[in-house]
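Please arrange chains X, D and Z on chain U, whose structure you already have, making use of the hints.
4 protein chains.
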Amino acid sequence: MNKITILIHCKDRSKIIASVTNFIAQEGGNIVYIDQHVDREQDIFFMRLESEFISESFSTDNFKNSFKSDLAEKFQMKWRIYSSDKKPKMALFISKYDHCLYDLLGRYNSGELNLEIPFIISNHLDLKSIADNFKIPFYHVPVTKDTKEEAENKQLELLEKHKIDFIVLARYMQIVSGKLIDKYTNKIINIHHSFLPAFVGAKPYHSAYKRGVKIIGATSHYVTEELDAGPIIEQDVTRVTHAHAIEDLITKGRDLEKIVLANAVKLHANRKVMVFNNKTVIFS
Amino acid sequence: MNKITILIHCKDRSKIIASVTNFIAQEGGNIVYIDQHVDREQDIFFMRLESEFISESFSTDNFKNSFKSDLAEKFQMKWRIYSSDKKPKMALFISKYDHCLYDLLGRYNSGELNLEIPFIISNHLDLKSIADNFKIPFYHVPVTKDTKEEAENKQLELLEKHKIDFIVLARYMQIVSGKLIDKYTNKIINIHHSFLPAFVGAKPYHSAYKRGVKIIGATSHYVTEELDAGPIIEQDVTRVTHAHAIEDLITKGRDLEKIVLANAVKLHANRKVMVFNNKTVIFS
Amino acid sequence: MNKITILIHCKDRSKIIASVTNFIAQEGGNIVYIDQHVDREQDIFFMRLESEFISESFSTDNFKNSFKSDLAEKFQMKWRIYSSDKKPKMALFISKYDHCLYDLLGRYNSGELNLEIPFIISNHLDLKSIADNFKIPFYHVPVTKDTKEEAENKQLELLEKHKIDFIVLARYMQIVSGKLIDKYTNKIINIHHSFLPAFVGAKPYHSAYKRGVKIIGATSHYVTEELDAGPIIEQDVTRVTHAHAIEDLITKGRDLEKIVLANAVKLHANRKVMVFNNKTVIFS
Amino acid sequence: MNKITILIHCKDRSKIIASVTNFIAQEGGNIVYIDQHVDREQDIFFMRLESEFISESFSTDNFKNSFKSDLAEKFQMKWRIYSSDKKPKMALFISKYDHCLYDLLGRYNSGELNLEIPFIISNHLDLKSIADNFKIPFYHVPVTKDTKEEAENKQLELLEKHKIDFIVLARYMQIVSGKLIDKYTNKIINIHHSFLPAFVGAKPYHSAYKRGVKIIGATSHYVTEELDAGPIIEQDVTRVTHAHAIEDLITKGRDLEKIVLANAVKLHANRKVMVFNNKTVIFS
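Protein chains in written order, with full-length UniProt numbering: chain U, 1 to 284; chain X, 1 to 284; chain D, 1 to 284; chain Z, 1 to 284.
The shape of chain U in the complex, shown without the other chains:
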């Protein structure tokens, strides 16, 4: 049994849904999941389908070709089709904070994540032993003012060599370059330790403390050129009071960060996220 996931978006028109479902039926597929959304402001149609094909002669490549010529061109669709038997490959970028790392590797180990982690990159050696314990290859790529370009080339080389599908910055404390962002557009997931768009940039817990907010948050988003301004995938919040010092916010925030990042990673790895005009459509 072959199973594929189809993500489509295009200008909204009548009969799209019937055309797509019809096409899949003609190709011998059975739709097991369908969800759609229309952005009325921008008049854009979004759809996500999962379809099963029993025929042994089914080929994802052939299906893609027919889909393109028979359907996608007619509606001028942007589309992606994934075969369910191919797990996406995720690279982990880390620095010195270990909570998101432990959390993701714990989930990975227990089989909760539908992905592969070919390697971990860090600009520091502090967390190497954790990677070793989980038996994930660890590359130390230090980043200094002078070695920035060299480091980036090393990163790109590793990403390409391992055919990485997406990158997760698990509290990686470096600005990612435009070159990397261009190559992995909407494929680099960051966790920011505030409820965006509040408290962009460095030290958000300090800013939240100073402003006296009663709720703090964490936000996972795709990385774009503008700092902390990319499409938001997932957010969560927790209550705080005057009695919480900055260190308390940091401690409470860690629990938000790891859960929010893990949820964003799962949504992305399960091909449930579409991006349009700096916003996400999430078919969960």
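Don't read these hints as lab results, they were simulated from the structure.
Each hint should be verified, as a subset may be incorrect.
Derived coverage of chain X by chain U (criterion: at least 3 residues anywhere in the stretch with Cβ under 8 angstroms from a Cβ of chain U; other residues may be distant) [what the hints assert, rightly or not]:
1) 218-227
2) 242-256
Below, a list of computed lysine to aspartate or glutamate pairs in the EDC-like style, where the Cα atoms sit at most 16 angstroms apart [claimed, not checked]:
3) D:K210 / U:D248
4) X:K135 / D:D132
5) D:K3 / D:E73
6) D:K252 / X:E112
7) U:K15 / X:E27
8) U:K252 / Z:E112
9) Z:K15 / D:E50
10) U:K266 / Z:E247
These numbers come from a predicted model, not from an experiment.
Quick reminder that beta carbons are idealized off the backbone N, C-alpha and C, glycines included.
For chains X, D and Z alone, coordinates are given in the frame of chain U:
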């Protein structure tokens, strides 16, 4: 422009989605919303569609007939089709608590609710002035041991006369009879002041206080013969501490009750709820 | 039985708690509630006490005098003492939105609020009938560019005449002048329809929609000269998805606004809020 | 500088707070934290204090003796006094689930927990490698019908030898015996994977799925003889929909379990929990 909402459930089979979308296309409709769910435990397929028909000759009755003969019988579907221009009629049953009443009538007044309220029934006179202020007809139907059947007949008469589609028990402090439940199956919405299935029955805040829970809740559900055991439509919770006395739980709970009930009413009135095997499927 | 509430803040020093509790014991009082907080960053001590006095000769004024000379001066305390038998007087400022108004008046009517509402001021006539229904005097004080100062004087006159203790802007769609703010510092409560400091200013739901946030919020704060930048009293949030249009955010937001504002009003009316350096300490 | 934490409860009487604060002042202490609660239903007074003593001659034992004779006996207090420089010792009991284990050990490693973990006991060998990675001694104590008593004696021996202060059952899949409960009353913390008192006993996620709840939860409580009926320390919940299969509830629930258990462990280790009449008072 005619707009209809279709709700379907049947045993899961292949090609249902394509068959339905195809049928609608043939009838000249454009699908503007589709959502589906398969209950894998019970092998049941659920679907909700909204479709628009431009043709002036479109008739909902004709569509229903074709739908039944050409599609529903083949898949042995249970189905309901609603015309969007017909607002459902809701009867409000109340007793002495006013918070849910104020909340629902405030929303009704501001146009937030897609429904009509032909009348309010109460077994007490306490809240009559609120109904008067909002200019909703108010019927006082007292219920005592001796007048129970008479009261019920009076209620049924009013419900039928006004062609009521569904009933909302807004903290109505009486057990509804089996006769009413049979006639309005999955059409009587209750608000229970606990996080069901915890604290079934009377005085749930007292029980929650006694048990020392750290979170209290409210649950809106369809009324069935078994007390507080019907299909759950909506639930919400809020934190409490040891410092909250029973009266504090009651006060905090009121805010949950009114929001949860209003959300359940909106889901039902917008035909987003399906019931199967004492559980709800909610296409929101 | 006399009951008083004492709020204190001063530079942190040793022995403050023992000194205060000792003083109250000497005066014949029994402490029934005590809570304290030390802001370690700024080295400021905060305390809230409730104390009962059985003696018939007890006088709040005498107590205040002794408190001032025997205790407050020694520690250079800022302090406030309230008698529990005096309910604070709240003025309601409204414009055209009715949800917060209905919610507050519903609570007021049912005895949930420990306060009096001598009158409602509005710059429009739209909601007069609601005030009438609840039998609260309603003053129409229109505000235009030309009449701004005149309107303000009318407001001040009413506030003074009725000995108003604090003002609640229940979606009052006008900027309050510096004169009013100076006279009622930390006594004007506003509800802003966003999760501050995100989306300051006009049309926050539109901004939230545009940014694609996954959670929206509401914030109640004291009004200061800088727009939406005053001390935060209470905040709450709710989840949204890509499927929510701007109108959905507005509808969902209304439920947040009314609950958050009501909670802030209750905290203030029960003398549980202290303000220092643009932040609140809330002893709840 | 010596710092102690004092927990007190007794029948409510007047002048308790003044008496305690006075006593501490006389002993040369400075109160840096005070919180109190009166259970009006049962007329019980609870208090938690933190006090610092600068004098080099201060001895916690001497203080305890004075406290007992000069104060506790007069008010017939139940009391506990802890020296802040003594971290409590926690034994971890586990079986086969690793998520709570990873989470607690990750926090332990990063210094978030104010406690020591002298050893881990498991009735299975599956998670030994995790204990090894974190360098915590691991004891395999298998439990079968025939070896139940022997296993328990082995457990008690380890607990006593290491002077364990409290036990955490991190998804330990065995019923703990009455002997252990008696010896560690209100010192055995369990995590139950439901929102208690809903879904007591085995397979709560299956029961939640069957009931069709819209919110699932997790509860951390002290173990008592009656199953899942002990004093609740902490609870949390998360939303689910009809689209979540049982495995989804289990996955989502794991995130609740680990956060709720960690919070309960921190509250207990920081001596913030008091138990009375099967309920907790939590001074957080």
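Do the hints match the structure? See the list:
For the region 218-227 of chain X, the stated coverage by chain U is not satisfied: 0 residues place a CB nearer than 8 angstroms to a CB of that chain, which falls below the threshold of 3. Using a Cβ-Cβ cut-off of 8 angstroms, 0 residues of the region 242-256 of chain X lie near chain U, which falls short of the minimum of three, so the contact claim is violated. A hinted pair counts as satisfied when its Cα atoms are at most 16 angstroms apart, and D:K210 with U:D248 does not qualify at roughly 32 angstroms. Among the hinted pairs, X:K135 with D:D132 is consistent with the structure: their alpha-carbon atoms are about 14 angstroms apart, no more than 16 angstroms.
Of the supplied pair hints, the one linking D:K3 and D:E73 is violated, its CA atoms being roughly 23 angstroms apart against a limit of 16 angstroms. Restraint check: the Cα-Cα separation between D:K252 and X:E112 comes to about 10 angstroms, which is no more than 16 angstroms; the hinted pair holds. Restraint check for U:K15 and X:E27: satisfied, since their Cα atoms lie roughly 12 angstroms apart, inside the 16 angstroms limit. For the suggested pair U:K252 and Z:E112, the alpha carbons sit about 10 angstroms apart, so the restraint of at most 16 angstroms is met.
For the proposed pair Z:K15 and D:E50, the alpha carbon gap of about 13 angstroms is at most 16 angstroms, so the pair holds. Annotation: proposed proximity of U:K266 to Z:E247 holds, straight-line Cα distance about 15 angstroms (limit 16 angstroms).
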